[in-house]
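Model the placement of chain B on the given structure of chain A, informed by the hints.
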Amino acid sequence: MDDQKRININGNSFSFTTGETILTVAQRNHIDIPTLCYLKGTTPTGACRMCVVEVKKARNLLPACSTPAESNMEVQTESQQVIESRRMSLQLLLASGNHNCAVRGSDGQSWTAFQLNVQQQDNSEDLCPVWGDCKLQNLAYRYQVSGETFPATENKYPMETVNPFIVRDFSRCILCGRCVQACNEVQVNNAISLGYRGADAKIIAAGDRPLKDSDCVFCGECIQACPVGALVEKDARYDWRPWSNRKVRTTCSYCGVGCQLDFHIQDNRIVKISGAEETPPNYGSLCVKGRFGFHFIHSEDRLKTPLIKKNGNFQEATWDEALDLTAKRLLEIKEKNGPDSIGVLTSARITNEDNYAAMKFTRAVLKTNNIDHCARL
Amino acid sequence: MTNTIGDIEDADVILVTGSNTTENHPVLSTYVKRAVKFKNTRLIVIDPRRIKLTEFADYWLRPNLGTDVAWINGLMHVIIAENLHNQKFIETRTSDFEALKAMVEKFTPDYVESITGIPVQQIIDAARLYASAKAGAILYCMGITQHTTGTDNVKSLANLAMLCGNLGIPGGGVNPLRGQNNVQGACDMGGLPNVYTGYQKVTDEAARKKMEKAWAVTNLPDQVGLTVTEMVPMAHDGDIKAMYIIGENPLVSDPDLNHAEKSFSNLDFLVLQDIFMTETAQLADVVLPSACFAEKDGTFSNTERRVQRVRKALQPPGSAKDDWEITAEIAKRMGYDMVYDNSEEIFEEIAKVTPSYAGITYDRIERCGIHWPCPDTKHPGTPILHTAQFTHGKGVFHAIDYIPPAEQTDDQYPLYLTTGRVLYHYHTGTMTRRTEGLNERAPENFVEISAADADKYDFKDGDKAKIASRRGEIIAKLKISTKAVNGSVFIPFHFAEAAANKLTNAALDPVSKIPEYKVCAVKLSKLMAS
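Protein sequence lines correspond, in order, to chains A and B. Residue 15 is where the first sequence starts when you use the numbering used here, and the numbers rise one by one after that. Residue 1155 is where the second sequence starts when you use the numbering used here, and the numbers rise one by one after that.
Chain B on its own, in the form it takes in the complex:
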């Protein structure tokens, strides 16, 4: 997030898109709801599903799946046409405005309605409202990113925020809500194929030299590595021979699971490190038991870049060990000494090699976390990014055209499928499905469908149906819901036994390599009586 969670209550207008906030970030959603209820903040929700937040919204715009660039360009068209943009911010803080202006020229409300299905007047009203804000916050989540145009969608939201001068101010910002406890930290720590810690590029020789010195090694690789969504097909083709997987369950979370399973089975050697025997661990040659978060010391970095302490409260079961300890043991046996007495020693090394973490110590975050960047131990941290200038000087507008989703419905697969989570479960369910109470509230998989579609295909609420895509099929109960839009169904991906990701499309965004989980084409059919 460019801004903080607490900041949300300072916004005049909040635009939430592609985030079912009350179910996926429940505590953060309380800030949005309180702002609307008690601080006269206006709320625009742009989401195909009738999520809970729509009840709090002044405007709810319901786009067709995968048409985000079109409606964002449409809002910008109206804002520029009506001269509601922030000329001063554009002149002093940004570049390439003319290119953007030329691109959004054709995205008239009529044209946008023809793509997105959002009525013209709603596009105009929402544009005027967002542009009217002194401070306007944009919150988004995987509904924006998990598309073949995910990068385009995010850049378009940044365009919109810059157009109205909504960056670098309290209550503004472009705020991705991170779905996992430490996804921010895993990225910050260089758990990515192209960067070391703090986003220092592996292709930058100075960064490489610095790391070589810090780690006392030579010849660090200088080519960008593979993303998970590239490794899996390469394993399938035999180019990746071995994998070391820590705390991940790709055999439920990856797209097009049938293909993924073949890929993992094809490896010469798979070592899995986890707290449970997951679906993926079943395929491993070696399984190493690790301690869970309640059994280890360390830090997580949250969605607002706040580095916070994790504290050991319990002994791990059996002989399970800290993840870092296991990794260090493997390193030692491969001839490299990675010796740390405790997690704090590792954190000190992180601070040494990472400018944005340089000023953070365990002592300083004992009582309250600090937002990076925090360049030195006197620095208070940085709650709001880009207050004076952007990371690379001026903010660049990107002129982006609309591209439809990779897979369209047709006669054979007439319904769109979108996936996500429910309140009571988390990701692949290895943790939440082990709490009875949560299972009582959300016991099994379901297909959320509109009443009209259920009628059309002659289904009743609770009927079991077969849902098939070009890649696989699953069986699940139908749940008629007012959340669903006609022509689209929603399936949560928590349930391995009826995994939604057997259906999803592995088509990737060309830049971020994110799969298009939020749109694919499916068909429903009745189960044959056996």
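Chain A extracted, bound-state conformation:
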């Protein structure tokens, strides 16, 4: 029955089911309606007005993210009126803070004073930390908007850097509310909310205290949701750059949930980790360990060479020396005391392939079933 319901978008007719929004119908049919504040899976807030569309017979432009599709609705997603509205929204957003991408100043006026001011507030002469990975920047290019139309708003709130993981740069926040949605509706940690009103509005934690003194558990869902440079990994800020970055998809090595994640690699080092979106079991979510706990990989303490204990002290050895000694001693003990005098502990930390090899070795080579791992511990 629902199959009978049809909506017309940009002159083409599409079926929809009750409850679908204009945006979801469009996305399902590969029609690109730009969004900023919309966060998949959460209640649409309609805050940013970026996804507005023209609906025939409607008095105003309507936000596609929160307007339900209706039968025989006629929608235009890129009409002149829509484009003018989006340009205006973007101009206001660009003027609302330290958006020092090239866009701001592209109409030939002096950008030096503004740029210097941003650099001073940020203690860095680098480009914005999310340059090239910013939804606002992308949209400004797409709609050919500069940030000079309206005078820049004064930056009211200083940067927060007093926790080990997340830098909160309020000067770059566009108050889209995606981080609030991510915290309250995806992770349900309820640590942050929209505080104050009007021109004083700010994303706050626990009565406007630093994150470290709030219910925040540093899962970093907010960073991944932030479309601009307001929330950035402290470690990766000004280090990670999209153009020198290689991504590798893998499975997290902490708990048994098996979150899918992407390593971001530069110069053979992991500079940050993000959750793999659109894939189970985590659909982009991670926890503090999965997102930030990767420094052990590059630790100086990593074992790099085989070691053999001689007179109570470890000495570096070649692989041949260490492996020959191991094989020799295991053979001797097996001969003398029998296979069951040897025990093997394999691991819940290593791969299936590693475990299989250890299992096969224990049973086929040592000839004992004395193999276990720390499942019980």
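Incorrect hints may have been included.
As the list claims (entries may be wrong) - These stretches of chain A come out as covered by chain B in the derived footprint (C-beta under 8 Å, 3 or more residues):
1) 43-53
2) 138-145
3) 200-214
4) 301-309
5) 316-325
Unchecked claim - Pairs of lysine-lysine, DSS-like flavour, derived with a Cα cap of 25 Å:
6) A:K348 <-> B:K1355
7) A:K381 <-> B:K1667
8) A:K348 <-> A:K323
9) A:K381 <-> B:K1486
10) A:K318 <-> B:K1466
11) B:K1486 <-> A:K342
12) B:K1416 <-> A:K350
13) B:K1506 <-> B:K1355
14) A:K54 <-> B:K1193
15) A:K348 <-> B:K1288
16) A:K381 <-> B:K1614
17) A:K381 <-> B:K1363
18) B:K1288 <-> B:K1191
19) B:K1614 <-> A:K226
20) A:K318 <-> B:K1367
21) B:K1255 <-> B:K1242
As the list claims (entries may be wrong) - Residues on chain A that point at chain B, a partial pick, calculated with CB under 7 Å:
22) M102
23) L106
24) F128
25) T175
26) P178
27) F179
28) S267
29) Q280
30) L337
31) L345
32) A362
33) E367
34) R377
35) N384
36) R390
37) L391
Bear in mind the hints are in silico, worked out from the structure with no lab data behind them. We treat Cβ as the ideally placed atom computed from N, Cα and C, and that holds for glycine.
Quick look at chain B alone, frame taken from chain A:
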């Protein structure tokens, strides 16, 4: 898990017990929290500590430590007495219901309150709520298993789920949350003393013959081997002479560490394969450096039986090698050729000898993992187990009586100790304690204690105290917390320098051989001024 992680959001009622989910499985806990907040799912938390999830719960039942069988039997008593059980499921899918019914007869709410300390009305309310669910999911973790009655506890939860017909349906199930990335896979791969891959028994001659053929060997051993908790005392007594330990740190994670250290020191030969010089590696004769997960290709199997890819992103440091490669090299030097070009070749062999993995290939899980059992390459995998029948036909009810924990408090050791993890650290801390930020959030060991107990023993928040059990003692700071219940303290086991496992009891569950980490008796005393 019998069901999937995504399935949790389809439950009408979720019962979480013995799992501090938001700290130990944070991402999975988001499914529970979202279900409660946005889908009207009702939540029952049964846990001695006031964990974060209790804030989301409709009912929070607070049992005395180690009394799980009693409250589970109590819920079943109420459900049967009020005729809320699923008669059809019991008749068609299960056996031995009468024995269960007879056993839970005596577990009246009054009797259960006398053992567990849970008020009568709460037992009745929770039983009615769980039984009212069209789909009720049970989630549990080590708070259920790490007891001398761990096997009994798990079987009792299975009883409860079967009683209400909550198996084989979306949103239902009995779901253990596995604490380590590949503990499911290590078990699946036969990293256990009694089974080959896919739980094929070493005592089954057909399975043995099959493996002998696949591996081109003869005379595979036919006796069940030793568990880790049996090997350690045998090393102590000199019956185990050599050990090969891969990626494990038993000298922080084992119970009764003082005893464990003596055991490992007593070995004639110990070879350790790890990414760090761990506490256990210090005792080794040979230490072999291995690649970590970011430096290797392979697969992990997660808690919902989903086999997922691990991909090599970096070169390992120095001359460190893949674990399988090192093992194969030792095998070769002992006269057995174990030759593989890469991890995919090993996976192909796994699929060949393991019916539940037979249909999984690297190609098929390139983008998204597959749940085993997956018997052939056309099979989509099995997200929900037991939909039509149980592995062995009918589900058997087990009539189980309550047995108290192995160690009770007394005048000398008047407090109970339970152990676990905190959000910011992982297991023995060899990985997480090397990330500065995580250390900043959770820098050192602590003893979580209730305000009333702190008063009783005249301690203030932040005071250092000596905590002693019959087996050892450690020194740690006291942290007064609303999470703690009067009469019990909690200590995380991540911190080697004040290892909680110096205190814990190595008493084992007779079936699973799991140690009773969740209950032992301790005393607190002030540090003498030096």
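Structure-based check of each hint:
1. 43-53: Not satisfied, violated; 0 residues make the cut.
2. 138-145: violated (count 0)
3. 200-214: With 3 residues close enough to chain B, the hint holds.
4. 301-309: holds (count 8)
5. 316-325: holds (count 8)
6. A:K348 <-> B:K1355: holds (24 Å)
7. A:K381 <-> B:K1667: Holds, at about 23 Å.
8. A:K348 <-> A:K323: holds (21 Å)
9. A:K381 <-> B:K1486: holds (15 Å)
10. A:K318 <-> B:K1466: holds (17 Å)
11. B:K1486 <-> A:K342: holds (12 Å)
12. B:K1416 <-> A:K350: holds (23 Å)
13. B:K1506 <-> B:K1355: Since the Cα atoms of B:K1506 and B:K1355 sit roughly 17 Å apart, the hinted pair holds (cutoff 25 Å).
14. A:K54 <-> B:K1193: holds (17 Å)
15. A:K348 <-> B:K1288: Violated, at roughly 57 Å.
16. A:K381 <-> B:K1614: At roughly 56 Å apart (the allowed maximum being 25 Å), B:K1614 and A:K381 break the hint.
17. A:K381 <-> B:K1363: Roughly 14 Å separates the two Cα atoms, so the pair holds.
18. B:K1288 <-> B:K1191: The given pair, whose Cα atoms are some 19 Å apart, holds under the 25 Å limit.
19. B:K1614 <-> A:K226: holds (23 Å)
20. A:K318 <-> B:K1367: violated (37 Å)
21. B:K1255 <-> B:K1242: holds (16 Å)
22. M102: Violated. Min distance 34 Å.
23. L106: Violated - the Cβ of A:L106 stays beyond 7 Å from chain B, reaching only about 32 Å at its closest.
24. F128: Hint violated; A:F128 Cβ to chain B Cβ min 33 Å, cut 7 Å.
25. T175: violated (12 Å)
26. P178: holds (3 Å)
27. F179: Cβ of A:F179 sits 5 Å from chain B, so the hint holds.
28. S267: The hint holds - A:S267 has a Cβ within 7 Å of chain B, the shortest such distance being about 4 Å.
29. Q280: violated (11 Å)
30. L337: holds (5 Å)
31. L345: holds (6 Å)
32. A362: At 4 Å from the nearest chain B Cβ, A:A362 passes the 7 Å test, so the hint holds.
33. E367: OK, holds: A:E367 within 7 Å of chain B, min 4 Å.
34. R377: holds (6 Å)
35. N384: holds (4 Å)
36. R390: holds (4 Å)
37. L391: holds (4 Å)
The structure does not agree with the numbered hints 1, 2, 15, 16, 20, 22, 23, 24, 25, 29 stated previously, though it agrees with the rest.
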